[in-house]
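Take the sequences, apply the hints, and build the full model.
Number of protein chains: 2
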Amino acid sequence: MSSSFPALDRLGDDARVRLEQTLDQHLPLDSAAPRLSDAMRYAALSGGKRIRPLLVYGAARLAGATLGQADIPAAAVEMVHAYSLVHDDLPAMDDDDLRRGQPTCHRAFDEATAILAGDTLHTRAFELLASAGDYPPATRITMVQRLCEAAGVNGMAAGQMQDMLAHGRVQTLAALEAMHYLKTGRLITASLQLGYLAAQVDQPTLLQDLCTYGDAIGLAFQIQDDILDITAGTEQLGKPAGSDEKHQKSTFPSLLGLEPSRQRASQLCETAQQALAGYGDSALPLQQLAQYIISRNH
Amino acid sequence: MSSSFPALDRLGDDARVRLEQTLDQHLPLDSAAPRLSDAMRYAALSGGKRIRPLLVYGAARLAGATLGQADIPAAAVEMVHAYSLVHDDLPAMDDDDLRRGQPTCHRAFDEATAILAGDTLHTRAFELLASAGDYPPATRITMVQRLCEAAGVNGMAAGQMQDMLAHGRVQTLAALEAMHYLKTGRLITASLQLGYLAAQVDQPTLLQDLCTYGDAIGLAFQIQDDILDITAGTEQLGKPAGSDEKHQKSTFPSLLGLEPSRQRASQLCETAQQALAGYGDSALPLQQLAQYIISRNH
Numbered sequence: 001m002s003s004s005f006p007a008l009d010r011l012g013d014d015a016r017v018r019l020e021q022t023l024d025q026h027l028p029l030d031s032a033a034p035r036l037s038d039a040m041r042y043a044a045l046s047g048g049k050r051i052r053p054l055l056v057y058g059a060a061r062l063a064g065a066t067l068g069q070a071d072i073p074a075a076a077v078e079m080v081h082a083y084s085l086v087h088d089d090l091p092a093m094d095d096d097d098l099r100r101g102q103p104t105c106h107r108a109f110d111e112a113t114a115i116l117a118g119d120t121l122h123t124r125a126f127e128l129l130a131s132a133g134d135y136p137p138a139t140r141i142t143m144v145q146r147l148c149e150a151a152g153v154n155g156m157a158a159g160q161m162q163d164m165l166a167h168g169r170v171q172t173l174a175a176l177e178a179m180h181y182l183k184t185g186r187l188i189t190a191s192l193q194l195g196y197l198a199a200q201v202d203q204p205t206l207l208q209d210l211c212t213y214g215d216a217i218g219l220a221f222q223i224q225d226d227i228l229d230i231t232a233g234t235e236q237l238g239k240p241a242g243s244d245e246k247h248q249k250s251t252f253p254s255l256l257g258l259e260p261s262r263q264r265a266s267q268l269c270e271t272a273q274q275a276l277a278g279y280g281d282s283a284l285p286l287q288q289l290a291q292y293i294i295s296r297n298h
Numbered sequence: 299m300s301s302s303f304p305a306l307d308r309l310g311d312d313a314r315v316r317l318e319q320t321l322d323q324h325l326p327l328d329s330a331a332p333r334l335s336d337a338m339r340y341a342a343l344s345g346g347k348r349i350r351p352l353l354v355y356g357a358a359r360l361a362g363a364t365l366g367q368a369d370i371p372a373a374a375v376e377m378v379h380a381y382s383l384v385h386d387d388l389p390a391m392d393d394d395d396l397r398r399g400q401p402t403c404h405r406a407f408d409e410a411t412a413i414l415a416g417d418t419l420h421t422r423a424f425e426l427l428a429s430a431g432d433y434p435p436a437t438r439i440t441m442v443q444r445l446c447e448a449a450g451v452n453g454m455a456a457g458q459m460q461d462m463l464a465h466g467r468v469q470t471l472a473a474l475e476a477m478h479y480l481k482t483g484r485l486i487t488a489s490l491q492l493g494y495l496a497a498q499v500d501q502p503t504l505l506q507d508l509c510t511y512g513d514a515i516g517l518a519f520q521i522q523d524d525i526l527d528i529t530a531g532t533e534q535l536g537k538p539a540g541s542d543e544k545h546q547k548s549t550f551p552s553l554l555g556l557e558p559s560r561q562r563a564s565q566l567c568e569t570a571q572q573a574l575a576g577y578g579d580s581a582l583p584l585q586q587l588a589q590y591i592i593s594r595n596h
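Protein chains in written order, with my numbering: chain A, 1 to 298; chain B, 299 to 596.
Careful, some of the hints might be misleading.
Facing chain B, from chain A, some residues (calculated, C-beta under 7 angstroms) [to be verified]:
(1) I115
(2) E127
(3) V153
(4) S254
Which chain B residues stay away from chain A? Per the calculated CB distances, all over 10 angstroms, these [as the list claims (entries may be wrong)]:
(5) L334
(6) R405
(7) D417
Derived from the structure by calculation, the hints contain no laboratory data. Note that this is a predicted model, so its numbers are computed, not measured. By construction, the Cβ of each residue, glycine as well, lies at the ideal position given by its N, Cα and C atoms.
Right, here's the structure in full:
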């Protein structure tokens, strides 16, 4: 990330090292099916922006936790995200060949392996929350609840289903926002909730403010994704540019226009930053992350 | 099931009604993506032998619980089983068109919907263990742990991966047993563990005996499956008979011969029944279930 976000960079550098180590430690190097563990590692350890884990770490710090207290939920959230990408990329879904500049999991391995690797990343996320690190059982259970609600049939997976059904049809702006809230927003907000839970504090106002922040950046993130799909190249994105047009998807730019989409993203960034305005310098990393999300070029 | 198993029938009749009600209650009638919730219900509510839930109920009763205490883990285990069937049936995996006498989920809906319905059944199982019913957080967490270990990269999914890789190759008997232990045995034993946990007792010997019983019937179940694939018809099975030969799979009959396979299943049934011999009449349903497993004709 750019050096115009110094507080974010400081958190991000530490958080990314910790996340990679945690994923490396908790994704099997070997297993009863080595091809399957290889595919899990391929899908989860091949980079990416790591925004969701950053949100876990950022929320945990803001709630007074150490970064170490956030390692397990950060890795769990990233595993759920990685599982969803592997399945969404499959030929029967979005049929994408490239992800993060590399062949997608089913291209690097095969479809059956990719389906199973997504499945085992999914299981592993909940296993981590139930077994790893040092949290009271009640905290673990609340983390599992929040992650399930965000990922399941009224969350991320429902968003993907809505997205698939919308291919080739013009959506209303309200339907588009609702779809993205499910597909992306809920897991982003859950990341903040899990970071908050890792700190084991009782600050309901902070939790509420984190959710307000999360809902705003979740939508801003998607608007920026839609903008980049038009304005950026494939090499820059690490995935095929212009894929929204190829899939005849409604996007914020197609419904609103490019400049109004940028304005909407900018307003959402401001809403997010305002939600954390009362927390002083501790909130700087998350506030800068909101800015980064709408100014990123990949 | 046949009336030659009266104790099993008494448990089974009650358990099946409770299971259907619990699944019906906890699988969404509507959701943010109605097609997805329809597919979840289609996959989980279209019958089946319900052996895993029966094991949950049977173990819970043996440990002194009411059937009601076992409803949630019984439904969770069945959801994980249903998710695995939906994904295993996909064209990229076993490519099966028929399941329980009905079109498989991807045939009744489409591949994308089936992938997502498997995913959301998977998530929903953990959500149930984390949220539904009335259990202390530590019990919920242990249930999640056991179910994750049984389903994940060193359990059911690894078994499916091994199975896929073995198509067209002759396996050793040891490799075949190891594969089935992962693919089927671990979830069967986990079902008994979850039933035991639902009772919230501290009887480590009982838990150990249930695991011995589970490991034996898990293997016996698979041997009987292999035998039926040769000796039964498609109509009787509700899925294509002869599919092992079609996929060039090693099976117990192909490695051992038909009659020695029957003998091995019979020995395993006896091992299972012996493991519970010290528990008197309370163990009768599970002992009869072992007998049913090797004498069933579908």
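Each hint tested on the structure:
{"no.": "1", "hint": "I115", "result": "6 angstroms, holds"}
{"no.": "2", "hint": "E127", "result": "4 angstroms, holds"}
{"no.": "3", "hint": "V153", "result": "4 angstroms, holds"}
{"no.": "4", "hint": "S254", "result": "22 angstroms, violated"}
{"no.": "5", "hint": "L334", "result": "4 angstroms, violated"}
{"no.": "6", "hint": "R405", "result": "13 angstroms, holds"}
{"no.": "7", "hint": "D417", "result": "5 angstroms, violated"}
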